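Q: Sequence:
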Amino acid sequence: MKTLLHVAALGCIAVLASCKPKADEQAGEAKGGTLVITAIPDQKVSDQEANFAPLKDYLSKELGVDVAFSISDDYPAAVQRFKNGEVHLVWFGGLTGVQAWEAVPGARAIAQGDVDPQYKSYFIAHKSTGLEKSDTFPKDKISDMTFTFGSQSSTSGRLMPAYFIEQETGKKPEDFFTKPVQFSGAHDATARAVASGSVQIGAINYKTYDSMVAAGDISAEDAPIFWITPEYVDYNLTVHPDLNKMFGDDFIDKLQDALVSCDDKNVLKAFNRDKLIPAKNEDFESIKDVAKELNMMR
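In my numbering, the protein residues as written are 1 to 298.
In case anyone wonders, no lab produced these hints; they're calculated from the structure.
These numbers come from a predicted model, not from an experiment.
You may find that some hints are simply not true.
Below are the DSS-like pairs computed for lysine-lysine, each with C-alpha atoms no more than 25 Å apart in a straight line [what the hints assert, rightly or not]:
(1) Lys-139 / Lys-171
(2) Lys-254 / Lys-44
(3) Lys-269 / Lys-120
(4) Lys-44 / Lys-83
(5) Lys-265 / Lys-56
(6) Lys-292 / Lys-61
(7) Lys-44 / Lys-292
(8) Lys-83 / Lys-245
The calculated label-pair distances, taken between Cβ atoms and stated as ranges, are [as the list claims (entries may be wrong)]:
(9) Asp-242 / Glu-174: 37 to 45 Å
(10) Lys-139 / Lys-269: 35 to 43 Å
(11) Glu-285 / Lys-172: 16 to 24 Å
(12) Gln-167 / Gly-130: 37 to 45 Å
(13) Glu-132 / Glu-285: 34 to 42 Å
(14) Asp-66 / Ser-219: 41 to 49 Å
(15) Ser-198 / Lys-133: 18 to 26 Å
(16) Gly-32 / Asp-57: 29 to 37 Å
Quick reminder that beta carbons are idealized off the backbone N, C-alpha and C, glycines included.
Let's have the full structure, built from the sequences with the hints guiding it.
A: Next comes the structure, spelled out in structure tokens:
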């Protein structure tokens, strides 16, 4: 009888051992999931899903993981969703990227467009203002005009234009302009508002303006450039540290390699860039400094 009980016990132990999950399948160590991409809505969100579809397919094929794109309603929402771990790869501006890294330890920039280390903003005007392109900021001509930024969290549509206005005039925008400063919400909205004359002048990132003029969405005659800012660093692709937990310790490095080696124009259309290059958080120290100076870190 004791022998039979001993055999039965050994059998139960063997069954339990065979059912025990492997080390990488235990709670908290499960591998896999979906890599979720989002982007700041610096242009029409209705275009984003189509523009990001080739990137989603490319990364899924290159990395062998499920990839999804999810629209964010506005700039703060993209940062908050990253903080919550809802999204893992985000096309941020310089400011929103810095805000994300400050909030999520281990988050880092891994790529940016080849033009992004030397970015710039245009100041544009409705043709009725009579403003012409100048190397000098025309502070004596524009202070009484209606003015709009893009999004309140935009690097090229608010942060850096605000910084340069203060550098050129000695006053913050809200003190320099005699009429209330406006926010259009996005770069393309700024372009259309100025071109239509609903606002007299505005600040916009140069890539959006140049693309819209080339596509015939606005006319350069209706909204001419009157001043170009000095260069600064801007956009980046930022990753959430959870990706390595989800897909393996070297996954983020593989993701970076897949991005910077991509030469498919359809994929790169998501960023309106011809090439991606490596990036790191330290590249954006100047943006962090300006954001702190203007009290725009949150």
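Q: Would you mind marking each hint as holding or not holding in the structure?
A: Hints, verified against the model:
Straight-line distance between C-alpha atoms of Lys-139 and Lys-171 comes to about 11 Å, which keeps the hinted pair within the 25 Å bound. Straight-line distance between C-alpha atoms of Lys-254 and Lys-44 comes to about 30 Å, which puts the hinted pair past the 25 Å bound. A C-alpha spacing of about 20 Å is found between Lys-269 and Lys-120, which places the hinted pair at or below 25 Å, so the restraint holds. A threshold of 25 Å between alpha carbons decides the hint, and for Lys-44 with Lys-83 the separation of about 24 Å falls inside it, so the pair holds.
Pair hint Lys-265 plus Lys-56 holds up; C-alpha atoms about 14 Å apart against a cutoff of 25 Å. About 40 Å separates the Cα atoms of Lys-292 and Lys-61, which puts this hinted pair outside 25 Å; it is violated. As the CA atoms of Lys-44 and Lys-292 are separated by approximately 29 Å, the hinted pair breaks the 25 Å bound. The suggested pairing of Lys-83 with Lys-245 holds, with an alpha-carbon distance near 16 Å, which does not exceed 25 Å.
Take Asp-242 and Glu-174: their Cβ atoms lie about 39 Å apart, and the range 37 to 45 Å holds. Between Lys-139 and Lys-269, the C-beta spacing of about 38 Å keeps the proposed range 35 to 43 Å intact. Under the hint 16 to 24 Å, the C-beta atoms of Glu-285 and Lys-172, about 23 Å apart, fit the expected range. Evaluation of the 37 to 45 Å hint for Gln-167 and Gly-130 yields a failure: the beta carbon distance comes to about 25 Å.
Distance hint for Glu-132 and Glu-285: a CB-CB separation of about 36 Å, consistent with the stated range 34 to 42 Å. Between Asp-66 and Ser-219 the beta carbon distance is about 43 Å. The supplied range of 41 to 49 Å therefore holds. Distance hint for Ser-198 and Lys-133: a CB-CB separation of about 22 Å, consistent with the stated range 18 to 26 Å. For the pair Gly-32 and Asp-57, the supplied restraint of 29 to 37 Å is violated, since their beta-carbon distance comes to about 19 Å.
Hints 2, 6, 7, 12, 16 from the earlier list are contradicted by this structure; the remaining hints agree with it.
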